[in-house]
Amino acid sequence: MSMSAIASSSSANIATLQARSVRKSFVSGHIESTVLHDLTLDVRAGELTLISGPSGCGKSTLLAILSGLQPADTGEVHALGHDLSGLSMRALEAFRLQHTGFVFQGFNLFPALTALEQVELPLSYMGLPKHEVRKRAVESLEEVGLGPRMSMLPIELSGGEKQRVAIARALAKQPELLFADEPTSALDAANGQIVIDILHRIARTHGTTVLCVSHDPRLVHHADRVLAMEDGRILSDHVPPAASATATEHS
Amino acid sequence: MVALARKTLIYEWRRFLPAILAVGFASLLQLLQAALVLGIFGSASVYITGSSADLWAGYPGTQSVNLGRPINEDVAMRLRMDPDVIKVEPFRWVDADWRGPRDTGGVSVFVSGIDPRSDGMMFSRALPLDLRARLDEPGAVIVDKADLDSLGVSIGDTAAINGQRVRVVGVSSGLRALGGVNIVASLETARVLDVSPGDAGMMTYFVAKLRPGVKPNVAAKRLNGSNAFGPYTVWTAKNFARESQLYWMFDTGAGAGVLFLAGIVFLVGAVITSQTLIAAVIGSIREYATLNALGVGRGSLRKVVMEQAFWVGALGLVCSVVIGAILLVIARNRSVPMEMRPLTAVACLALSMALAIVSGLASVRSLRRADPASLLR
Chain A
2 MSMSAIASSS SANIATLQAR SVRKSFVSGH IESTVLHDLT LDVRAGELTL
52 ISGPSGCGKS TLLAILSGLQ PADTGEVHAL GHDLSGLSMR ALEAFRLQHT
102 GFVFQGFNLF PALTALEQVE LPLSYMGLPK HEVRKRAVES LEEVGLGPRM
152 SMLPIELSGG EKQRVAIARA LAKQPELLFA DEPTSALDAA NGQIVIDILH
202 RIARTHGTTV LCVSHDPRLV HHADRVLAME DGRILSDHVP PAASATATEH
252 S
Chain B
561 MVALARKTLI YEWRRFLPAI LAVGFASLLQ LLQAALVLGI FGSASVYITG
611 SSADLWAGYP GTQSVNLGRP INEDVAMRLR MDPDVIKVEP FRWVDADWRG
661 PRDTGGVSVF VSGIDPRSDG MMFSRALPLD LRARLDEPGA VIVDKADLDS
711 LGVSIGDTAA INGQRVRVVG VSSGLRALGG VNIVASLETA RVLDVSPGDA
761 GMMTYFVAKL RPGVKPNVAA KRLNGSNAFG PYTVWTAKNF ARESQLYWMF
811 DTGAGAGVLF LAGIVFLVGA VITSQTLIAA VIGSIREYAT LNALGVGRGS
861 LRKVVMEQAF WVGALGLVCS VVIGAILLVI ARNRSVPMEM RPLTAVACLA
911 LSMALAIVSG LASVRSLRRA DPASLLR
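Those protein sequence lines, which keep their order, are chains A and B. Under my numbering, the first residue of the first sequence is numbered 2, with each subsequent residue one higher. Under my numbering, the first residue of the second sequence is numbered 561, with each subsequent residue one higher.
Any given hint might turn out to be false.
With the Cβ distance kept under 10 Å, some of the chain A side facing chain B (calculated, not the full set) [what the hints assert, rightly or not]: (1) G102; (2) F111; (3) L122; (4) P123; (5) L124; (6) S125; (7) Y126; (8) K131; (9) R170; (10) F180; (11) D182.
In short, the hints are calculated from the structure, not lab data. Cβ coordinates follow ideal geometry from the N, Cα and C atoms, glycine included.
Build out the structure end to end from the sequences listed, making use of the hints.
This is the structure in structure tokens:
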């Protein structure tokens, strides 16, 4: 199989996220609707994995469960070897603080803080020394190309720049797991391109597990692996043509 | 640590302004109310606080200084026998009726008969020495300048107290009374004005000065030990002043009114402040949820909200202290009875800070809506 060939050629091919028979239902009124049907999935490090599908297919719920934001009804979720279903709310918070980064559709930046402070804020809760917080924040902002705009408030930044601040905020934590939910849907084509390129580069250069959820078809060609979802099931799991070409080049 | 709470407060000051104003106004109201109460009821004990005596001896069980009854001259003897007492002075209280030269009807007045010598203890703080000396003249009286209108006199005018002729030889300030008008006269003049036959020659209080360094509490306790010289009670000046003020405060029902109003002010302030803080939390709920997704614990988020509440409280207090101080100065200049003591001010400010903290606690609950899973859609 070509997929396993690519996986073995990558240097970081360990499955860092594992879902086993994960089921999730929501009750509204008297009707119980199942969003995820006994879903089993491995996500590997060093790759940008894209979950695509129409809205309501359960992809965001899957992201919430894999990232420890929501518990599954049944089944098991292992992230970096931790069984998330066994952790308390506080332990999950501690896990997320140490290991995960998030990028959301809305940029969710504090209006009162400069780009640098936005990035420093979560770092300051990680117990890092002050100079380390500053160093990481500056490096991350430079990595997303915002070095010159560090002291600007959200109101002074464009949509694309705001999303890059949000990515820098997640990246500065140096997370093993980076989750992105519709990171490009509020952006125009050019900015969307920049954002997905940055996410892809993070996966490649930092060996981060990047799991991205989107219905944006433009992203498919930038992913290392695409999972197509519909009605709470994974319909296909494939490597997009562009990615397989670059992967072959790398090897 | 990024100062999220403070930076947000400064950046979104318009959002927080209602809360700051609510705390500020609540604090200002508490301060002014306390100052007025202290000022008004403080005049119930002006005889004590305006004098330099350390001890007061009067009729047993007297609840307020204006309710004194005649006591035996022997009590002065008992006080003088105490080794720590260096000076004893009589004070005569006469309830009387005033008839002024102008048409003011009857005015109920309290005549304070004091020793007019320059080293006298009574009203030593309220009367300048030259004014005091003028009381030597028979029939001379001194009144508060704010009372001239209600008495219908000017300086130098004559009037009648209990049918006896008196002359206003001067005015002072800080002599205002509760429930009537204070008239200061010499002991001799007061004796003439006292028309009730049973009191003839009897003093109402004996006040005493202690040797420097002697604790008034200890001396008062010792002097209360025996009744060999007739019935009397000895109070320290501080205790008697407080008792008199409390008597008036609760006798008039003002104490309950003050507490009631303080409760209302607290409640209204807390409602406005908590609603404003809740709105501020909800306004940033997606950002808080993002921080929580990134692993910043709920406890840390609560701390941010509480810090905001603290700064709102602190800014409100600063506003109220500045405005309150200005108003207090204006009131002083216009003879409005207002008085502030450090402890009372601290209590009022603490109450207002408690208001801000309680509001902060109420708004912390709305952080529950900061659910990071709700950011995924």
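Taking the hints in turn, this is what the structure says about them:
1. Given hint, A:G102 at the interface with chain B, holds; its Cβ is 7 Å from that chain's nearest Cβ, closer than 10 Å.
2. With its C-beta approaching chain B no nearer than about 5 Å, A:F111 sits inside the 10 Å limit, and its interface hint holds.
3. Hint status for A:L122: holds, given a least beta-carbon distance of 5 Å to chain B, under 10 Å.
4. Because the closest C-beta pair between A:P123 and chain B is about 4 Å apart, less than 10 Å, the hint holds.
5. Checking A:L124 against chain B by beta carbon gives a least distance of about 9 Å; that is within 10 Å, so the hint holds.
6. The criterion of a C-beta within 10 Å of any C-beta in chain B is met by A:S125, whose closest approach is roughly 5 Å, and the hint holds.
7. Look at A:Y126: its Cβ gets to within about 5 Å of chain B, closer than 10 Å, so that hint holds up.
8. A hinted interface residue such as A:K131 counts as satisfied when its beta carbon comes closer than 10 Å to some beta carbon of chain B; here the least separation is about 8 Å, so the hint holds.
9. With a cut of 10 Å, the hint placing A:R170 at the interface with chain B holds, because the nearest CB-to-CB distance is about 7 Å.
10. A cut of 10 Å between beta carbons decides the hint on A:F180: the least distance to chain B is about 8 Å, and the hint holds.
11. Hint status for A:D182: holds, given a least beta-carbon distance of 5 Å to chain B, under 10 Å.
Hint compliance for this structure: every hint is met.
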